[in-house]
Amino acid sequence: MCHHHRNPMYCILPPYMSDKLGELLGEEKQEARSNERFREKRRSLAAIAPATRVFKIAGDPPKTKLHRELYDAHESPMQIGELIWKEGQKKLPASADAKRVIEGAGNVWSFYKKLFNRNSIDNKGMAILQNIRYRENKFKPFFNAFWDGEQMFYGTGSPKYTNSFTTDLDIIGHELTHGIIDFEAALNYENQSGALNESYADVFGILIKQWVNKTPARKANWLIGENILKGPNALRSMKAPGTAYKKDAVFGDDPQPGIMKDFVKLPNTEDGDCGGVHYNSGIPNHAFYIAAYELDGNAWEKAGAIWYAALQDKRLLKKDADFTAAASATLKKATSLFGKGSAEVKAVEKGWKETGVI
Amino acid sequence: MQITLTQSGGIAGKKLTTSLNTTLTYKEWELLLGAIKIDTTEKSRKRDALSYTLQKKDDKGSITSIDIGAIPDAHTDLFKKLFDGLKPAQ
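Each protein sequence line maps, in turn, to chains A and B. Each residue of the first sequence is one higher than the one before, starting from 21 at the first, in my numbering. Each residue of the second sequence is one higher than the one before, starting from 15 at the first, in my numbering.
To be clear, the hints were calculated from the coordinates, so they are not data collected in a lab. Be aware that one or more of the hints could be misleading.
Only pairs whose alpha carbons sit at most 25 Å apart, straight line, appear in this in silico DMTMM-like list of lysine to aspartate or glutamate [stated by the list, open to error]:
(1) Lys70/B with Glu290/A
(2) Lys60/B with Glu290/A
(3) Lys94/B with Glu95/A
(4) Lys57/B with Asp168/A
(5) Lys158/A with Asp72/B
(6) Lys339/A with Asp291/A
(7) Lys259/A with Asp273/A
(8) Lys133/A with Asp333/A
(9) Lys144/A with Asp333/A
(10) Lys70/B with Asp91/B
(11) Lys370/A with Asp340/A
(12) Lys250/A with Asp117/A
(13) Lys101/B with Asp273/A
(14) Lys57/B with Asp291/A
(15) Lys51/B with Asp81/B
(16) Lys373/A with Asp91/B
(17) Lys60/B with Glu314/A
(18) Lys180/A with Glu95/A
(19) Lys95/B with Glu290/A
Kindly generate the complete structure, drawing on both the sequences and the hints.
Okay, structure coming up:
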C-alpha cells in the first residue's frame with residue numbers, strides 16, 4: 021500500500037526515486053492564470069449573445085475536485101453553446117458525443133491527478149469546459165477538435181468522411197493536454213517548439229488511452245485518432261509516423277516524418293502549419309515511442325514520468341525549446357529519476373538517437 | 015476571376031486547397047475580403063484550430079486570412095462549392 025501523502029505518482033516509483041522526483045518537480049509552480057478572466061469573457065459574450073438562446077455562465081469551480089461543464093453548439097459557430105450538463109448532475113445527456121467527452125474529460129483529469137497529483141489543467145482546479153457539435157460555419161461540417169486557450173471544441177465531422185471528433189479518448193486527452201502545456205513549459209506554437217507542443221499533446225493523449233485501457237507499451241498500437249477517419253486510417257502513428265492514413269477521402273496521405281533526415285521545412289505562417297507543427301511532431305513522437313517500447317511495461321510509469329517532469333521544468337524546457345533541448349531535458353530527468361547509466365536513461369537516449377535528434 | 019481557398023492546421027494538420035472560377039468583379043472581391051478578413055498579427059492561443067486563406071489568381075503574394083464564420087449570405091453558394099472542393103494540397 022502506498023503511504024506517500026503528496027503525490028500518488030510516487031506510488032509506482034521506489035521511495036528513493038519518488039523523493040528525488042519531489043525535489044525536481046518542486047513545490048513552486050508557475051502562478052496559474054486565474055479562471056476569473058475566462059469567466060469574465062463568458063459573461064461578456066453571454067451579454068451580447070442572441071437573446072433567443074439561454075446561456076449559462078460557468079460558476080466558480082471547486083478548487084480540489086473535478087468540475088466539468090458541457091455545452092452544445094447546435095452545429096453552429098456559437099462560441100458559447102447551451103449548457104447541457106455540469107458536474108453533479110447524475111443524468112447524462114442522451115447523445116454519444118456528450119457521454120464520450122464527459123467521460124473522457126473525467127479520465128484525463130483522473131490520469132493527471134492519480135499519476136502526477138495534478139489538479140486539473142492549471143493545477144488549481146480549473147473547470148473543464150467542453151463544447152460539442154461545434155461548427156465554424158453552419159454550411160461546413162467541422163472535421164476537427166481544438167483547444168481555444170480556455171475551453172474545448174469538438175466537431176461531429178461528416179458521416180460520409182469521418183466519425184465524430186469526440187470518438188477517441190486520445191484526442192480528448194490531446195486537446196486538454198494543450199491546456200496543461202500552456203500552464204507549464206508554454207512551448208511556443210511555431211517551428212520546433214510548436215512541434216514539441218503538438219508531440220507532448222500526442223504523448224499524453226496516447227498515455228491516457230493506454231492507462232484507461234491498461235495497455236502496456238508493447239501491446240499498444242500507438243495510433244492517435246484511430247476511430248475518426250473511415251477505414252483503417254488514423255490521424256497519426258507514433259510507432260511509424262507517415263503511415264497513419266493513406267488515400268483518405270479528406271486528408272489524402274499522411275505526411276509526417278519520423279526522423280530528422282525527413283524534417284519538413286515549412287514557413288512559419290498559418291498556411292505553413294506554423295512551421296510544420298503537425299508534421300514534425302512525428303519526430304519527437306517517435307522518440308517517445310522508442311523509449312517507451314524499449315522500457316517495456318506501462319509507458320506512463322517511466323517514459324511518461326520522465327516526459328512530464330521535463331515539461332514542468334522551465335529551466336530545461338524553455339518556451340522556444342527545439343528537439344535537441346527536449347532530448348537534453350528528458351535525458352536529465354531520466355538521470356535524476358532513475359540514475360546515471362540506468363536502463364531508463366539508455367532508452368531515452370536510444371529514442372532521440374534513432375530519430376537523429378542527437 | 016479564379017480564387018483559391020486554403021485550409022490549414024487542425025488536429026490533423028493537413029493542408030487542403032481548392033480553386034474555382036467565379037463571376038466576382040474586382041469590387042465584389044474587395045467587399046468580400048473586407049467582410050471576412052482577419053488580423054493574424056496577434057498570436058493566437060488556439061491549438062489545433064483550422065485557419066483559412068483566400069487568394070485570387072493574379073494576386074501574387076497577397077494571401078488573406080479569413081473568418082469563414084463571417085461569410086456574407088450573398089456568398090454562401092460560392093463558399094459551399096469551395097468547401098466541397100477542398101482536396102489535399104500537393
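Compare the structure with the hints numbered earlier in the document and write down the numbers of the violated ones, lowest to highest.
-> 5, 16 and 17
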